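K.L.:
Chains as they are written, first to last, in the numbering used here: chain A, 1 to 268; chain B, 1 to 268; chain C, 1 to 268; chain D, 1 to 268; chain E, 1 to 268; chain F, 1 to 268.
Errors might be hidden in some of the hints.
Because identical chains share one entry, a pair is satisfied inside a single copy or across any pair of copies.
[Unchecked claim] The calculated PhoX-like cross-link candidates involving lysine-lysine, where the alpha carbons are at most 20 Å apart (straight line), are:
(1) K157 <-> K115
(2) K108 <-> K157
(3) K115 <-> K153
(4) K235 <-> K108
(5) K242 <-> K115
(6) K108 <-> K153
(7) K241 <-> K153
(8) K235 <-> K157
Everything labelled a hint here was simulated from the structure, so no lab data went into it.
Remember, predicted model here, so these are calculated numbers, not experimental data.
Here is how the chains run, residue by residue.
6 protein chains.
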Amino acid sequence: DFMEALEEVHPAFGVSEEELQQVIQNGIIHYDTVVDEILRSGELFVEQVRSSTRTPLVSILLHGPPGSGKTALGATIAQASQYPFIKLISPDNMVGYSEQQKVTAITKVFNDSYKSPLSVVVVDNIERLIDWTPMGARFSNAVLQALLVLLGKRPPKDRRLLIIATSSLRPILTDLGLSETFDSEMRVPPISSLRSLEYVLREVELFPSDQERRDATRMLEEAGFGSDRSGLNTKLQIGIKKLLSIIEMARQEPDNAAQRLTSALMGL
Amino acid sequence: DFMEALEEVHPAFGVSEEELQQVIQNGIIHYDTVVDEILRSGELFVEQVRSSTRTPLVSILLHGPPGSGKTALGATIAQASQYPFIKLISPDNMVGYSEQQKVTAITKVFNDSYKSPLSVVVVDNIERLIDWTPMGARFSNAVLQALLVLLGKRPPKDRRLLIIATSSLRPILTDLGLSETFDSEMRVPPISSLRSLEYVLREVELFPSDQERRDATRMLEEAGFGSDRSGLNTKLQIGIKKLLSIIEMARQEPDNAAQRLTSALMGL
Amino acid sequence: DFMEALEEVHPAFGVSEEELQQVIQNGIIHYDTVVDEILRSGELFVEQVRSSTRTPLVSILLHGPPGSGKTALGATIAQASQYPFIKLISPDNMVGYSEQQKVTAITKVFNDSYKSPLSVVVVDNIERLIDWTPMGARFSNAVLQALLVLLGKRPPKDRRLLIIATSSLRPILTDLGLSETFDSEMRVPPISSLRSLEYVLREVELFPSDQERRDATRMLEEAGFGSDRSGLNTKLQIGIKKLLSIIEMARQEPDNAAQRLTSALMGL
Amino acid sequence: DFMEALEEVHPAFGVSEEELQQVIQNGIIHYDTVVDEILRSGELFVEQVRSSTRTPLVSILLHGPPGSGKTALGATIAQASQYPFIKLISPDNMVGYSEQQKVTAITKVFNDSYKSPLSVVVVDNIERLIDWTPMGARFSNAVLQALLVLLGKRPPKDRRLLIIATSSLRPILTDLGLSETFDSEMRVPPISSLRSLEYVLREVELFPSDQERRDATRMLEEAGFGSDRSGLNTKLQIGIKKLLSIIEMARQEPDNAAQRLTSALMGL
Amino acid sequence: DFMEALEEVHPAFGVSEEELQQVIQNGIIHYDTVVDEILRSGELFVEQVRSSTRTPLVSILLHGPPGSGKTALGATIAQASQYPFIKLISPDNMVGYSEQQKVTAITKVFNDSYKSPLSVVVVDNIERLIDWTPMGARFSNAVLQALLVLLGKRPPKDRRLLIIATSSLRPILTDLGLSETFDSEMRVPPISSLRSLEYVLREVELFPSDQERRDATRMLEEAGFGSDRSGLNTKLQIGIKKLLSIIEMARQEPDNAAQRLTSALMGL
Amino acid sequence: DFMEALEEVHPAFGVSEEELQQVIQNGIIHYDTVVDEILRSGELFVEQVRSSTRTPLVSILLHGPPGSGKTALGATIAQASQYPFIKLISPDNMVGYSEQQKVTAITKVFNDSYKSPLSVVVVDNIERLIDWTPMGARFSNAVLQALLVLLGKRPPKDRRLLIIATSSLRPILTDLGLSETFDSEMRVPPISSLRSLEYVLREVELFPSDQERRDATRMLEEAGFGSDRSGLNTKLQIGIKKLLSIIEMARQEPDNAAQRLTSALMGL
Ligand SMILES: Nc1ncnc2c1ncn2[C@@H]1O[C@H](COP(=O)(O)OP(=O)(O)OP(=O)(O)O)[C@@H](O)[C@H]1O
Ligand SMILES: Nc1ncnc2c1ncn2[C@@H]1O[C@H](COP(=O)(O)OP(=O)(O)OP(=O)(O)O)[C@@H](O)[C@H]1O
Ligand SMILES: Nc1ncnc2c1ncn2[C@@H]1O[C@H](COP(=O)(O)OP(=O)(O)OP(=O)(O)O)[C@@H](O)[C@H]1O
Ligand SMILES: Nc1ncnc2c1ncn2[C@@H]1O[C@H](COP(=O)(O)OP(=O)(O)OP(=O)(O)O)[C@@H](O)[C@H]1O
Ligand SMILES: Nc1ncnc2c1ncn2[C@@H]1O[C@H](COP(=O)(O)OP(=O)(O)OP(=O)(O)O)[C@@H](O)[C@H]1O
Ligand SMILES: Nc1ncnc2c1ncn2[C@@H]1O[C@H](COP(=O)(O)OP(=O)(O)OP(=O)(O)O)[C@@H](O)[C@H]1O
Ligand SMILES: [Mg+2]
Ligand SMILES: [Mg+2]
Ligand SMILES: [Mg+2]
Ligand SMILES: [Mg+2]
Ligand SMILES: [Mg+2]
Ligand SMILES: [Mg+2]
């Protein structure tokens with residue numbers, strides 16, 4: 001009846017505003033040019049799907065170490081598309097789902113997307129969606145097989161779909177045969193230069209004054225977090241998410257913030 | 001009752017027009033003689049099934065690397081047969097099916113085919129149908145066993161059946177004992193000559209003028225995609241499907257198309 | 001009630017005429033003395049079961065490479081017995097059965113046989129009945145265990161049973177502990193002499209004249225399919241089933257039949 | 001109600017006459033002193049259970065190669081006990097049972113036995129009861145665990161129980177931890193002397209005259225089935241069951257019996 | 001209702017007299033000082049639980065080779081405690097239970113014990129409770145996990161619990177992580193001195209006179225069952241349970257008892 | 001209805017007083033500065049969650065050898081937070097739960113916590129929650145995957161959550177991919193200095209006089225439990241929980257307490 005139809009229509013042509021907001025709560029800090037490059041590439045793919053008739057389906061993969069910002073960047077690209085249908089498929093909403101329930105939930109989002117002329121689906125954290133664990137190499141083959149098909153299945157006539165997937169375990173995806181289903185891949189690197197780190201410190205105003213921030217930076221340099229002469233090698237390898245967490249811990253002891261920051265980074 | 005009987009009859013003697021169209025949306029580009037050879041061989045098998053009484057069952061395998069065009073070619077041969085019963089068994093329509101549901105769906109198509117005097121069944125992407133994953137060598141033995149029997153089971157008296165299967169993983173099929181059930185095999189190769197590639201570029205009109213296309217070809221030759229003196233070895237190894245996708249990406253930046261094409265090919 | 005009893009009785013004392021016909025549609029070509037020897041041995045076992053009181057159960061195994069004619073020979077022996085109960089247990093009729101359903105179906109045939117004074121049961125293609133796959137050495141242990149017992153279980157008093165099983169994977173049967181349940185084994189070899197092959201060509205009348213057949217034979221000899229001086233070694237190793245299939249393909253191009261036959265045999 | 005109670009009582013205090021008869025249809029041929037020794041030992045265990053209060057439970061294992069006569073000997077000992085409760089637990093009656101159904105059936109027999117003052121239970125063919133297969137070392141752990149407990153569980157006060165188990169795979173029983181649950185073990189050897197074989201031939205009257213039997217024996221001796229000078233080594237190793245089967249095959253060709261017998265023995 | 005409540009209360013505050021009697025039917029023979037030491041240690045733990053407020057839970061393990069008397073000793077300690085709640089958890093009462101049923105039954109006993117101010121629970125034969133089999137190292141992880149928690153879970157306020165577990169497979173318990181949950185362990189050794197053996201023989205009156213017993217002992221000594229000069233090494237290693245069984249077999253042939261005893265011990 | 005709502009609300013905004021009390025029944029003995037450091041760090045995390053808006057979720061891990069006091073310390077930190085929602089997730093309350101029931105129970109606690117502005121959840125004994133066993137590396141992947149998500153899932157807007165997890169098997173957590181979900185880790189060491197041990201002895205008043213305690217300490221020193229000259233190496237490695245248990249055993253024999261203590265420590 002009508003009410004059911006309405007319900008059916010609602011998720012099919014909708015934007016899951018709230019969920020997207022949730023994952024980009026802390027905003028995007030432009031600590032490096034790579035951040036802008038990724039966002040710009042995303043924009044190009046959004047345009048390709050909108051315009052090319054030969055490729056009604058484009059699927060891309062954002063990969064990089066844990067906490068490097070994949071989900072936030074993927075959600076940002078999706079939201080900027082302004083397509084009528086934008087959906088996030090996230091393990092956060094599937095805790096305790098059985099294999100079959102996961103497959104059903106994932107398939108539903110894709111089927112809904114096929115009803116909109118233009119859609120973008122963010123498939124977040126593939127390793128969690130497939131219940132991957134390195135010990136014994138266990139995973140849900142049911143979810144994997146569903147993804148293998150859905151990531152490559154052409155939408156029906158006159159429908160177009162952009163798929164943005166994220167993962168911290170690209171080598172595993174390759175072993176699982178998932179890599180070759182993507183049209184393109186983009187790496188989201190960890191922060192590895194002192195300059196990027198300083199940029200973040202300034203943005204989040206950990207230190208009350210510029211002087212104190214510069215002092216902290218010098219302390220970090222002395223601790224070996226600067227690059228060597230070649231300007232390349234550096235001990236620093238930290239995802240933006242973990243960095244923001246460490247900064248907040250340091251903030252608990254204002255008098256001692258620089259020291260706590262340094263020792264936390266050394267403890268990684 | 002009558003309505004049910006009708007429904008029963010309908011799929012049994014029908015051609016799944018729409019599904020076949022879907023997989024050959026982009027048409028067949030005749031970039032190499034091998035394309036025509038495959039189509040001609042297919043025609044011969046179609047004739048054999050129609051005429052020979054001793055072989056009421058013929059099953060063939062189209063194999064080749066991902067995206068080389070197996071499904072499109074298989075569907076084209078099937079459609080050209082003009083048999084009264086033509087059906088596509090595709091993983092795309094079975095997302096989230098349980099093992100048992102897959103077996104049932106597959107078996108139904110075969111049972112339906114046995115009701116038509118002349119039938120062709122395309123069994124697309126065997127590795128997906130059996131839920132194959134290289135990690136741990138997992139797969140659905142239930143679906144595999146059903147295929148092992150169905151691919152070799154003679155249709156009932158006065159019924160004839162052509163089976164066209166596709167796969168990107170021929171070595172696995174051999175390991176699974178599937179290879180020897182086929183009467184014949186045909187390899188669908190990737191595009192590996194610059195000439196074929198240029199042929200495709202011309203067909204899809206990536207470049208506005210012949211001159212620009214020739215310039216692009218020279219750029220590719222310089223990047224090492226031409227064959228060596230022996231005319232054999234070449235870096236180029238790309239399925240037609242992926243090539244068409246790369247071309248559409250390049251089309252997004254018209255001023256830079258040749259360069260993007262080259263670097264995309266190099267990134268494979 | 002009576003109707004049910006009738007139905008119960010019918011399969012118990014019946015001959016599955018149609019199924020047996022189906023598997024020997026193409027008849028038996030006597031291309032070699034081994035064919036007659038197998039049929040004669042079968043006859044002797046039929047007599048033993050009929051006459052000896054000490055061996056109310058005799059079970060034999062027909063094994064040989066794929067397509068060598070095991071099923072056709074087994075069915076021929078069974079049919080020639082003229083016992084009141086003759087049944088074929090075949091994977092062809094069990095597509096999509098669960099383990100339990102297979103066990104039930106197999107057990108039913110044996111239980112039915114125990115009601116007839118004289119019975120023959122053909123257990124066709126054991127590897128398929130047990131869902132065997134070489135990858136991971138998977139199989140249905142439930143079906144295997146049922147067979148292990150049923151192949152060795154004495155029928156009740158005053159009942160006699162001949163079991164004829166077929167398999168292409170005798171070594172596997174040994175590994176599974178199945179071999180030692182058989183009272184006797186017979187090997188069905190592939191065709192390996194040019195003389196046998198010529199015999200078959202004559203029977204199926206691939207060539208319009210004797211001269212053309214002889215020419216073809218010479219072509220095959222030149223291609224290396226004749227035996228060497230010792231009269232033993234030969235490249236030729238082909239099951240009668242595959243040979244008949246190749247012949248029909250060759251028949252599609254009458255002008256070119258000899259050549260196609262030769263190249264098909266070389267491609268094996 | 002009463003009828004149910006009756007049924008309950010019947011198996012509890014009953015002797016499964018028919019089943020025991022079935023497995024010793026061909027009688028016991030006393031081809032060697034070992035046959036009598038086994039039967040006499042069995043008698044002693046029967047007496048121990050009847051008389052000793054300290055050992056209300058005695059469990060013994062009859063083991064030996066396939067067809068050596070374990071089941072027939074076990075059943076003979078059981079039947080000779082003349083205990084009020086004698087039961088055979090045999091895989092022949094459990095074809096297609098699930099693990100749980102097997103456990104239930106086995107447990108029921110033991111529970112029934114606990115109601116009789118004196119009971120003997122024959123647990124036939126342990127490897128088949130536990131669904132053992134060497135490939136992948138699969139077996140039903142549920143049935144195994146039930147046996148591990150039941151073979152060692154003391155019957156209730158004033159109840160006594162003799163357990164006679166049979167198996168062809170004693171090493172496996174040891175690996176499974178089953179061996180140490182038995183109070184005693186007896187080996188049932190295959191026939192390995194020409195004298196025993198001749199004894200059997202005489203008993204079953206394969207040859208119409210003594211002369212012909214002696215001729216056959218000489219033929220077997222020449223074929224190498226006699227013992228060497230030390231009187232020990234011999235090629236002959238055959239279970240009485242298989243021997244009886246081979247004899248019946250030979251009986252089919254009366255004029256050729258000796259030869260067929262010899263070649264069948266050589267073919268093992 | 002009231003009846004249910006009654007039933008609930010009954011097992012909660014009760015002593016399973018009968019079951020305990022059943023496992024110590026043959027009494028305790030004090031063949032060595034170690035027997036008394038074990039019983040005295042048990043007494044001390046009984047007192048600790050009764051008196052110390054800091055350790056409301058004490059769990060101990062009795063381990064030793066099969067048949068060394070673990071169950072009888074554990075039950076004896078439990079019975080001597082005179083606690084209001086004494087329960088035996090034994091595989092003998094759980095034949096054919098599913099994993100889940102075992103967990104439920106075990107948990108119920110513990111939950112019942114928590115209602116009594118003072119309780120002792122005997123957890124007999126852990127390897128059988130967890131369905132352990134060495135082949136493939138299979139076991140019920142569900143039961144194991146339940147035990148891992150229950151053996152270490154503090155009873156509620158004002159409740160005290162002594163747990164006595166038994167096992168023949170201490171190394172396996174360690175591998176499973178179970179060992180470290182026990183507060184203390186005691187080893188129940190096999191009989192390994194001729195003196196202990198003679199003590200048992202006297203107690204059970206195998207021989208009608210002292211002279212005959214001494215003769216038998218000398219025969220055993222000559223067979224090598226005495227200790228060597230160092231008084232340490234000895235071939236003798238036998239659990240009291242098996243020894244009692246062997247003695248009863250020997251008793252069947254009174255004239256030959258010493259010899260049968262000796263050969264039985266040598267056959268181990 | 002209202003009653004249901006009440007029930008729903010109750011656990012959502014409540015402190016599980018009783019359960020927390022249960023695990024810290026024996027109080028905290030400040031035998032070493034590390035004890036205070038851990039408690040102080042805990043306090044800081046409690047403050048961070050209360051105050052920082054950028055980190056609404058903080059998760060920490062307390063790890064150390066069995067019985068080192070992890071649960072008691074975690075519960076103490078939680079209780080001291082005085083947050084409106086404090087909950088303990090403990091295997092003790094999930095004996096016999098199926099995988100799915102565990103996931104449901106765990107998820108419920110987290111979902112309840114999301115309704116409170118400030119919450120702390122103690123996830124006790126992760127290895128037991130996931131049914132970990134070293135043999136065969138078995139564990140519940142369903143529970144693991146739920147934890148992997150829940151430990152990193154941001155609470156909804158305006159909700160804050162502190163997670164305190166405990167484990168004795170940190171290396172396993174790393175292998176399972178769980179380690180990197182924690183914002184911080186703290187090690188709870190075993191007691192390894194004689195000084196700490198003496199501190200505990202004094203607190204629990206094992207000895208009636210100071211002199212006797214000092215004598216006992218000297219005895220322990222002579223047994224090798226003191227540190228070597230470097231003041232570092234020591235044989236002593238014992239969790240506070242086991243130490244308290246050993247002390248209570250020693251208390252059973254007041255005259256012999258020092259000796260029993262020493263030998264118990266040596267027997268570890
Ligand atoms: N340049 C940036 N790129 C991405 N995230 C950023 C950036 N600057 C700030 N952030 C913030 O950092 C956090 C990145 O976390 P996010 O969950 O996206 O990382 P992730 O790589 O998906 O982590 P995980 O591997 O755990 O899935 C977000 O809170 C985001 O708002
Ligand atoms: N000569 C050709 N042969 C096959 N496909 C062609 C050819 N020319 C153009 N195409 C187009 O290329 C695409 C080939 O994709 P197709 O799905 O058939 O490849 P595939 O090998 O089945 O891929 P996969 O390995 O993913 O199953 C189709 O869109 C088809 O229309
Ligand atoms: N001498 C022969 N022996 C057996 N089959 C023959 C012979 N001559 C002709 N045929 C025909 O050859 C075919 C043999 O096929 P059949 O299915 O019996 O082989 P198979 O060994 O059972 O094959 P598979 O290994 O696939 O089970 C049948 O169609 C049969 O009619
Ligand atoms: N001395 C004998 N001992 C045992 N069986 C004998 C003897 N003489 C004749 N027989 C006959 O030989 C056959 C032995 O078969 P039986 O099934 O008992 O062997 P088995 O060792 O149990 O075989 P399997 O290993 O297949 O279980 C029976 O038919 C029995 O009547
Ligand atoms: N000193 C003793 N200690 C233990 N049991 C004794 C002793 N003396 C006599 N017995 C008797 O010996 C038998 C010991 O058997 P019990 O079942 O207790 O051994 P167990 O070690 O538990 O065996 P299993 O390894 O099979 O579980 C009992 O019948 C008991 O009555
Ligand atoms: N300083 C201390 N730290 C922790 N616990 C202490 C301390 N002093 C005394 N205790 C007591 O020691 C016991 C510690 O046991 P607890 O269960 O917390 O250890 P655990 O490390 O969690 O053990 P498990 O590894 O078995 O989980 C508790 O009874 C606690 O009251
Ligand atoms: Mg992410
Ligand atoms: Mg395809
Ligand atoms: Mg066959
Ligand atoms: Mg037997
Ligand atoms: Mg015991
Ligand atoms: Mg703990």
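K.L.:
Which earlier hints can't be squared with this structure?
P.N.:
4, 5 and 8
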